[in-house]
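With the hints as a guide, dock the two chains, each given alone in a separate frame, to form the complex.
Protein chains in written order, with the working numbering: chain A, 1 to 159; chain P, 160 to 356.
Just so you know, nobody snuck in bad clues.
In silico lysine-lysine, DSS-like type, Cα no more than 27 Å apart, as pairs:
id : chain 1 : residue 1 : chain 2 : residue 2
1  : P       : 198       : A       : 27
2  : P       : 337       : A       : 27
3  : P       : 198       : P       : 337
4  : P       : 226       : P       : 198
Over 10 Å on every C-beta distance to chain P, these chain A residues come out as not near it, computed from the model:
id : residue
5  : 12
6  : 41
7  : 45
Ranges between beta-carbon positions, derived for each pair:
id : chain 1 : residue 1 : chain 2 : residue 2 : range
8  : P       : 170       : A       : 39        : 24 to 34 Å
9  : P       : 287       : A       : 44        : 34 to 44 Å
10 : A       : 72        : P       : 295       : 31 to 41 Å
11 : P       : 255       : A       : 44        : 44 to 54 Å
12 : P       : 226       : A       : 9         : 42 to 52 Å
13 : A       : 47        : P       : 352       : 12 to 22 Å
These are calculated hints, taken from the structure and not from any lab test.
Glycine is no exception: its CB is placed at the ideal position from the N, C-alpha and C atoms.
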Amino acid sequence: MDKGSGGTGMRETRYLQILEAYGADPKHWPEAERVAAMEFAATGGAPDSRQEAALDAALRAYGAVQAHGADEAVMARILTQAPMRAVDNVVRLAPFRAAKRKVQTGWLAGRGMMAAGFAAAAIMGVVIGASGLADVGGAGVTTADASSEALVSYALAEG
Amino acid sequence: MGYDGRRVSDQDPDIEDVRRIAAGDAAAAASLVRRRAPKILALARRMLNDPAEAEDVAQEVFLRVWKHAGSWQPGAAKFETWLHRVATNLCLDRLRRRREVRMGDDFPEIPDDAPSSDETIMASQRLLRVREALDALPERQRMAIELCNFQELSNIEAAAALEVSVDALESLLARGRKSLRQALAGEMNEWLGTVDG
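If we strip away everything but chain P, and leave its shape as in the complex, we get (with noise of 0.2 Å):
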C-alpha cells in the first residue's frame, strides 16, 4: 500500500556528476553543490535550529561525497536520496547527542528592508508557532515531515532516507501532523485564511 513500484534511479540527476567527481571533475563537484547543497543545508538548519551546526552537517554530508564517489553504485536509490539518507542521520544523532533541541531567538528571520507592520509581526508570531510545535515533535517524526513536506521527497525516498517501511513512515508523518494540529489548533483558522484568501 501507499506506494508507487517505479524505479527511481532511471532517471538520477546526480549520476553523471557523480561520476565526474569520481574522475576528480571540479566542475562537476561545484554543480553538484550548487544542486544539492542548499536543500540539504535548510534540513539541518531546519532540524538543529543552529545555522554553524547545519554547516557542519552539510559539510560532512559532501565529505563523504567526496570519499565515497568513486563506489557510488547506482541501484534502486536516487543519489539525492543517499545524500538525505545521510543528512538525516548525522541531523538525529546531533539531536540525540543534544537531547534537548536549543530555541533560538534569531527566529522569525524577515528581510532587514520588509516593513515592520503589525500584519508582518502577527505573521512571524504565527511562523514562530509553528516553529515551536516542529521542535516539540519527536526528532523522527519532525524528520519525516522535513523530507516529505519541506524536501518534497516521494514517500519512498523520504522512506529510505529514514530507514524504514513505507508504512512506517505513514506512521511518523500521521503522529506528527496530529501533534502539530493539536498544538497549532488555536490558530488553524488563521492559517486556513491564508488558503482561501
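So here's chain A without its partners, still in its complex pose (with noise of 0.2 Å):
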C-alpha cells in the first residue's frame, strides 16, 4: 500500500524504487526527483535505507580499490596511437631533426637523405612497436599506419 506523500511530491512507491535501484546516496539519485526524495526521507515516515547504505559502502570501498592504477605508461601508450602532428613529430623527430643536420653539415647531401630515410624507418617501428597494435585489429593498424605515414612524409618534407 502506498503512502502519500507528505507534502513532497514524492509517494512511497516511487522513494523505494528509487532506493532500490540508485541506493541510499542521494547524489546518485535522478536528478529530477532528487529534491522530492531528500524532502521525503527527512519527514521521518520513509523506508529504513540502512541496508541500501551499507550496500552503497560495500562498492564504494571497492570502487576505490579498484579506480587506481591507470598509470602514465598505459596514457602514453594510448597517445601514441593518436595520429596527431604536434607532439608527435616535435618529441620523435627532434633526436632524428639533430642528427639529420649532423649530417647535412657532412660531405654528402646525398648521404644526408639516405639517413632521413633509415631514421625515419627507425621512428616508425618504434612508433609501431610501442602502439601494440597487435590486440587492437585492423582499425589500429590503420590509424598507426596514417600516424607513421604521416611522420615520414613530415621527416623528407623537412628534408
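Have a look at this one:
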C-alpha cells in the first residue's frame, strides 16, 4: 500500500524504487526527483535505507580500491596511436632532426637524405612497436599506419 | 519518470578537445586521455578483471576517438557518454565471448606499504566478497552498477551508454542491487558499521 507524499511530491512507492535502484546516496538519485526524494526521506516516515547504505558503502570501498592504476605508461601507450602532428613530430623527430643537421653539415647531402630515410623508418618501427597494435585489430593498424605515414612524410618534407 | 530532461551537451567539457583532436592537436589528445582514460580503464578493469584486456579496451576506445573525432557532432549526449557506450559495448562483447569471468588471484590490491594487520586482511576479504558478488551478476546488471555507482554517470547518461531506456536501467540496477544484498547479506552489518562509523 502506497503512502502519501507528506507534501513532498514523492510517494513511498517511488521513493522505494529509487532506493532499490540507485541506493541510499542522494547524489546517485535522478536529478529531477532528488529534492523531492530527499524531502520525503527527511519526513521521518520514510522506509529504512540502512541496508542500501550498507551496500553503497561496500561498493564505494570496492570502487576506491579498483579505481587506481591508470598509470602514465598506459596513457602514453594510448597516445602513441593518436594520429597527431605537433607532439608526435616535435618529440619523436627531435633526435632525428639533430642527427640530420649533423649529416647535412657533412660531405654528402645524398647520404643525408638516405640517413633521413633510415631514421624515419626506425622511428616508424618504434611507433608501431610501442603501440601494441597486435591486439587491437584492423582499425588500430589503419590509424597507426596513417600516423607513421604522416611521420615519414613530415620527415622527408623537412629534408 | 525517473529522469530529468536537461540537455546534457550544453556544457560538455570534452567538445573543444575533440574539435582540436580532429585538427591534429596532440595537446588536446593528451588532455582528453588524461581526463578520460583513467575512468575508462577502471571500468574495463572492474568488468573484465584482467589488466591487459582492460588496456586493450581502453586502446580501442581511444582508437575510435582518433578515428571519429572529425565527424563527431554534439547532440543530446555528452562525449563522455559516447566514450562509455563504446567501452561498455567492448567490455560486454568480450564478456560474451568469454562467458565466464576469470577470478584472478591478484585481488585485493593492497598497497605494498599497507600494514598487514588483521583488520587489513579482514577488509581485503570483505572486498573480495564484494567482487565475487559483482562477478556473479549478469553482465548488463553489473555494467549498470558500474556506470551509476563507479563511473557516477547520471541515470540518463548510464541508460544512453547501455542503449536502454531509463526504466530498463532502473530495472537492471534494482535487480543487480537485490542480488548483491542477498549475496552479501551475511556481512551487511559490517558494512553498516562503516557507514555509522
